[in-house]
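Chains as they are written, first to last, in our numbering: chain L, 1 to 252; chain E, 1 to 313.
Sample of chain E residues facing chain L (criterion: CB under 10 Å; computed from the structure): (1) Arg63; (2) Asp198; (3) Gln251; (4) His257; (5) Ala260.
Worth flagging that the hints you see were computed from the coordinates, not collected in a lab. None of the values given here were measured: they were computed from a predicted structure. Just so you know, even glycine gets a beta-carbon here, dropped at the ideal spot from N, CA and C.
Single-letter residue listing:
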Amino acid sequence: MIEIRQVSHRIGGTPILSDIDVTIPKGGITALIGPNGAGKSTLLGLVARLERLQAGRIAVDGLDVARTPTDRLARTLAILRQDGTVAARLTVRDLVGFGRYPHHKGWPGPADRDAVEEALEAFDLAPLGTRFVDTLSGGQRQRAMVAMTYAQGTDYILLDEPLNNLDLAHARALMQRLRGMADRHGRTIVVVLHEVNYAAHYADRIIGLRDGRIAAQGPAPEVLTEPTLSSLFGSPVRLGRVGEHTVVLHHA
Amino acid sequence: MRARFLWLGLGLLLASALFLTLGARGDWGFVLMLRGTRLLALLVVGAAMAVATVLFQTLSGNRILTPSVMGFDALFVLLQTMLAVTLGGFGLASLPAQIRFGLELALLLAAALALFGTLLGQSRPDLHRMILTGLIFGVLFRSLAGFLQRLIDPNDFAIVQSAAFARFNAIPADLLALSTVLTLAALGAAWSLRHRLDVMALGRDHAVSLGVDHRRTLLLALVVVAVLVSVSTALVGPVTFFGLLVAALAQLVLRDHRHAVLLPGAALVAGIVLVAGQTLVERVFHLSITLAVAVEFAGGLLFLALVLRSPAR
Chain L
1 MIEIRQVSHR IGGTPILSDI DVTIPKGGIT ALIGPNGAGK STLLGLVARL
51 ERLQAGRIAV DGLDVARTPT DRLARTLAIL RQDGTVAARL TVRDLVGFGR
101 YPHHKGWPGP ADRDAVEEAL EAFDLAPLGT RFVDTLSGGQ RQRAMVAMTY
151 AQGTDYILLD EPLNNLDLAH ARALMQRLRG MADRHGRTIV VVLHEVNYAA
201 HYADRIIGLR DGRIAAQGPA PEVLTEPTLS SLFGSPVRLG RVGEHTVVLH
251 HA
Chain E
1 MRARFLWLGL GLLLASALFL TLGARGDWGF VLMLRGTRLL ALLVVGAAMA
51 VATVLFQTLS GNRILTPSVM GFDALFVLLQ TMLAVTLGGF GLASLPAQIR
101 FGLELALLLA AALALFGTLL GQSRPDLHRM ILTGLIFGVL FRSLAGFLQR
151 LIDPNDFAIV QSAAFARFNA IPADLLALST VLTLAALGAA WSLRHRLDVM
201 ALGRDHAVSL GVDHRRTLLL ALVVVAVLVS VSTALVGPVT FFGLLVAALA
251 QLVLRDHRHA VLLPGAALVA GIVLVAGQTL VERVFHLSIT LAVAVEFAGG
301 LLFLALVLRS PAR
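Isolated chain E (complex conformation) (with noise of 0.2 Å):
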């Protein structure tokens, strides 16, 4: 197991100093500040998406979940699509980045929590219930964004449609110091929690057996959820598949039902899949090809993998 971690952690390593050095020209020092912010970036966000998965499979019992099914990309998507209505694509696209972090953030943290908050009537709360809501909002979402792109402008379509995919190339810098506080605050959460979701993974009548308060810790880790997955979303835009990808990797590699091993294991795979991943679409494809459609198909494989391998988890 720990040989795993170490092999895992050089990986990662190994991967930043490439990804810091390979091709660098001129001032160093310029080049590593710029380099550094932007691996920065990837790590918060990738160790946000995996950590997100892990939990929320966790708590729904069902490996080939991923929170992202309940529709926080649709929502994103509609959001860009009705800020494009009303400003316009070149108000948009003039939009200061922070107002418009600012919107996304608060948006999709709002509708996580009022989706999540669906449980919080309930004496027995019915995950499945709430991921089927989130499911069909997501679909309400993406034909009402549908319907007002073919609306709009198609200059204004462009704008929407590049903001429609996750942008690995350009995380804004200055909003990576609140993103990364709010992640680590909510990875801090989560590693908290460790123990009682690895009892939580029983199942309600077990893990209630055992004394875990299930409807407390279910809560506290979809709030925990609802951070990750709203800042990561506002950061890079949505990523459907990514979160399922590196978690079905870390299982693969580490093979442990504890989360105390799952949850840094899964932020490391993250890592390495961003980090390497971008190094090769800028340093040997120039850019030709874009890392969140490689991720998206890799994962959306993997997916269906997961799916036609195993009906039953």
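In isolation and in its complexed conformation, chain L is listed as follows (with noise of 0.2 Å):
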């Protein structure tokens, strides 16, 4: 469970969020949507501890965010930022051994080798195991990114737009993986996503973030409706349906 209480943010004096006070359950995906700086990055920011906590108060499955030591967190919470860039040359199987660093501490172990080589292979990564990150295209690198922090082998993961750069094969497989993550392995995965679809297909609970305040929230199907939707992007969104699945029409 990730409690989140009464937490604002300000960044050189513009706020950024006021007050959010929301619960995220154990298990499951929860999309955080809404419009461009509605301070989705900020608040995954501030739960995984990225930026410092100004007011408020935030536990992970019951540790204060900002008072567990950092290497404990390590163990419970992973992130993912969106610019998805590493400064140093590795291959694709150093890198996702990096995940397993908070375990580790520098010194690996069959365990920790076995969890690698179960992440290269999660993630159709085995056949570029050697390859060096930055000879990769972007969704190659996404997906090695994401493998890393699935091989950090947390209770909670934190990703903040994988879907960038992705095309819509790419974005779709790493979809169905988050899925089977929460369901086969009962991670729990918080996503922001910008294309709204996605969240209505795969996440359980949403999560809308309009001006740094928490717009709507609940089960998905609660929150996808014409007038929530519309008010939170401030733009005519229309919902259908193509067979079981509901269809968010947004760009027409």
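Relying on the hints, combine the two individually framed chains into one complex.
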């Protein structure tokens, strides 16, 4: 469970988040949606202690993120940010191997090596294991990063716009993998999504942010209504159905 | 990997053996004593510069940076110039080496820590701003030194000028003990940080997500850099591109991202370059060229090559 209590955040005097109070239950996929600049990335960064908490309290699985030692949190919570670049020149296997660092602190054992191979398999990266990350395509690199986050083996995984730079096939494959991680491995996944249709199909719960406040939250079908989405994005949105799927029409 | 280390080790052994024995005449005990001290000095300075550069490149996520860009060399020259102004050229030349070394070390260390200390107040340390700050101070120090040098007596100027280049030929032996202790302590600290540095190289967000205390590790490693740069600059004088040269060579030879490999590798390469270079300068060129200038020339060329080849890193 991720508990966010009365969290406000300012950057250079500009309020980014105001009085965020929300609970993300354990298990399943929670999607954070909302227009640009709504504060989704900042909220995710605060939960993952990438930004220092200014006001309020956040606890992940009962661990206060402001007080718990950072290496302890790294075994409960993993985050992947959207920039997706790696400064060092690494092979894919090395990069994924870094996901095990919180567990071995520089001394990888057989269990860590197994976990890395499993992560490579799970993300179809085994053939790319010896390739250097900077020679990969954007989609492959993104997959390698998510594999590293997966290899960290944490109960909570936060992903900031993981579908950036992915074409529709890779985006679908990634969302299916996330769904599998949530269903089969019981991971709790919080993901910032721009394309509402992915949220509609893959997320169990949706939290809508607008102007630094929670504008909507609840099980996906409750949030996915024409008035809620239209006011959330400030742009007319219609819903349709294709077979059993709800389709969000926001582009025409 | 092991084989490459072995080759580097053998290379250093060979260079050291040549340095100690080539062209030796007379009492062996005396020769080995004299040259052994200078060999140790070269190794200490080389390891300090190499490790400082590798650390700094990792922290800044940039393979063409060296801590020297932040104006330490300029500050060193400014100090020499100010000493010449206040004491006169003769006073500067006759200043006891220990006092001069102590002054240089204290000033450089204070300046480095003050510069790195600007990061303390920031919740998200902005390393690039710090580097730019150092760069600008470097320009200021250089201009001040240039201004003062125009005012002083030409004889004093010649003495300052000779101090403004690294002097690998005449490293004061009595200062070596202190320098060695300080450098070994800093190298030990760098070694203990090696795994965390591997993670730091991924960038801040990844490092935090993987449970490395980014701020703490950054500041700790910068203190190590400050000690290493101050000691080596105070001992031999300013060298700008040497660290860059050996760090790049070590990466080229070892092709590994792990600091457990990079740190000792760069130190070995630095030892080989300095010891072999000094042997060549003394025994082949009979001191007709200076090692500092040759190394800076090679390092400068390499810097240009690095800049032109890969704009991204």
